[in-house]
Structure formats: structure tokens, C-alpha cells
Amino acid sequence: MLLRRCGTDALLVEVDSLTEVAAVRAALQDLDGIEELVPAARTVLVKGDLHRVRDTLKTVDLTKAPTTHPREITIPVTYDGPDLDLVADTAGITGDEVVKLHTEATYEVAFCGFAPGFGYLTGLPDNLHQPRLDSPRTKVPQGSVAIAGEFTAAYPRATPGGWRLIGRTEITLFDPRAETPALLQPGDQVRFVVA
Numbered sequence: 727m728l729l730r731r732c733g734t735d736a737l738l739v740e741v742d743s744l745t746e747v748a749a750v751r752a753a754l755q756d757l758d759g760i761e762e763l764v765p766a767a768r769t770v771l772v773k774g775d776l777h778r779v780r781d782t783l784k785t786v787d788l789t790k791a792p793t794t795h796p797r798e799i800t801i802p803v804t805y806d807g808p809d810l811d812l813v814a815d816t817a818g819i820t821g822d823e824v825v826k827l828h829t830e831a832t833y834e835v836a837f838c839g840f841a842p843g844f845g846y847l848t849g850l851p852d853n854l855h856q857p858r859l860d861s862p863r864t865k866v867p868q869g870s871v872a873i874a875g876e877f878t879a880a881y882p883r884a885t886p887g888g889w890r891l892i893g894r895t896e897i898t899l900f901d902p903r904a905e906t907p908a909l910l911q912p913g914d915q916v917r918f919v920v921a
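Positions 727 to 921 (my numbering) are the ones given, in order, by the sequence shown.
Take the hints with a grain of salt, since some may be wrong.
[Unchecked claim] Here are the simulated EDC-like pairs of lysine to aspartate or glutamate, each with C-alpha atoms no more than 20 Å apart in a straight line:
(1) Lys790 - Asp914
(2) Lys826 - Asp811
(3) Lys784 - Asp758
These aren't lab readings, by the way, just hints derived from the structure by calculation. Bear in mind that the values here come from a model prediction, so they are computed numbers and not experimental data.
Assemble the whole structure, with the sequences as input and the hints as a guide.
Take a look at the structure:
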């Protein structure tokens with residue numbers, strides 16, 4: 727674990743894996759004096775009482791994923807994405823098998839980023855791990871369900887993107903007027919179901 731000072735009241739915690747990010751996030755999320763906690767793929771930015779943060783991090787076991795009671799979110803999907811056949815061909819399976827594998831898995835929101843409400847979900851079955859498209863799209867439609875690398879996600883709004891699109895959802899993933907604008911939060915468990 728490497729700690730880097732960010733300004734006068736923030737610290738960037740650098741680790742080596744998503745499991746370690748989850749361990750740091752779990753240790754700090756309910757700590758008194760924390761103003762903001764922003765997990766990413768290999769870092770956690772924390773703003774607040776840095777003395778308390780440093781003391782807490784001394785006792786974190788980075789080898790163990792935290793035991794939590796996450797929120798469970800179900801996302802209905804119509805599996806008709808333009809890259810569904812590409813994903814199936816690349817994996818050496820049928821489109822129906824892609825849907826079956828994608829819906830049988832339970833995912834965890836590892837971190838959010840790229841666009842407001844965009845959650846990077848881990849738990850994608852190994853044979854569905856796919857590279858990004860060689861040429862990104864200039865506009866991915868809002869609600870597109872996609873995969874890239876070890877992650878799956880749903881686009882909360884129309885943006886450029888290079889992930890492989892396997893379906894679409896009508897669920898609202900980001901509402902700036904809501905008390906909590908982003909539906910998905912780090913640590914949440916997500917299931918995709920056929921709409």
C-alpha cells in the first residue's frame with residue numbers, strides 16, 4: 727500500500743488489486759471524519775481526517791475481501807446488442823449462451839467513473855472477458871449493457887465508448903435530481919435479468 731498526499735486534506739491510497747481497493751474502502755467508509763471516499767481500479771481517494779485514516783489503514787488486511795451486506799439491485803435487459811454475435815463468436819459459444827452466462831452471474835460494483843452513474847461491475851464469467859472494440863463508437867446509446875475486459879456495465883447516458891454492446895436496459899441509472907443521483911454505488915450487488 728502506497729499513500730500519496732493530495733492537497734491539504736486528501737490522501738490517495740494506491741494498492742495492487744480490486745480486492746485490496748474493496749478492503750480499503752470497507753475499512754474507511756464508516757470512519758468518523760471522512761468527507762469523501764472515491765474508489766477506482768487500483769486506488770482510493772479519501773478526504774477528511776488524515777490522521778484517523780492513516781491509523782485505520784495500519785490495521786487493514788489487504789488479502790481479505792470485506793464481508794458486507796450490500797444492496798441488491800436487479801437490472802432488466804433486452805439482449806439484442808449489436809455486438810452480441812461478436813461476443814459469442816469470440817467466446818466460442820452461442821448468443822443464447824452469452825445471455826445465460828451474463829444473467830447467471832452476480833456482480834459487484836467495484837467503482838464508479840467514466841461518466842456519472844457508470845458502475846464498473848466485477849464478476850463477469852471468464853469466458854465472457856472481451857477486449858474493447860478496435861474502433862470506439864462516437865455515441866453509445868443510453869442504457870446500453872456492455873462488456874470489456876473483466877468488467878460489465880450499463881451506460882447511464884449516451885456517450886462515446888469502446889465496450890462491446892450486448893443489450894439494453896430501460897432502468898434509470900443516473901438522475902441528478904434524486905437524493906442519491908447514481909443508482910449503483912461501490913459495494914452494491916447487481917443481477918441482470920432478461921426483460
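Structure-based check of each hint:
no. : hint            : in the structure
1   : Lys790 - Asp914 : holds (18 Å)
2   : Lys826 - Asp811 : holds (14 Å)
3   : Lys784 - Asp758 : holds (16 Å)
Taken one by one, the earlier hints all hold for this structure without exception.
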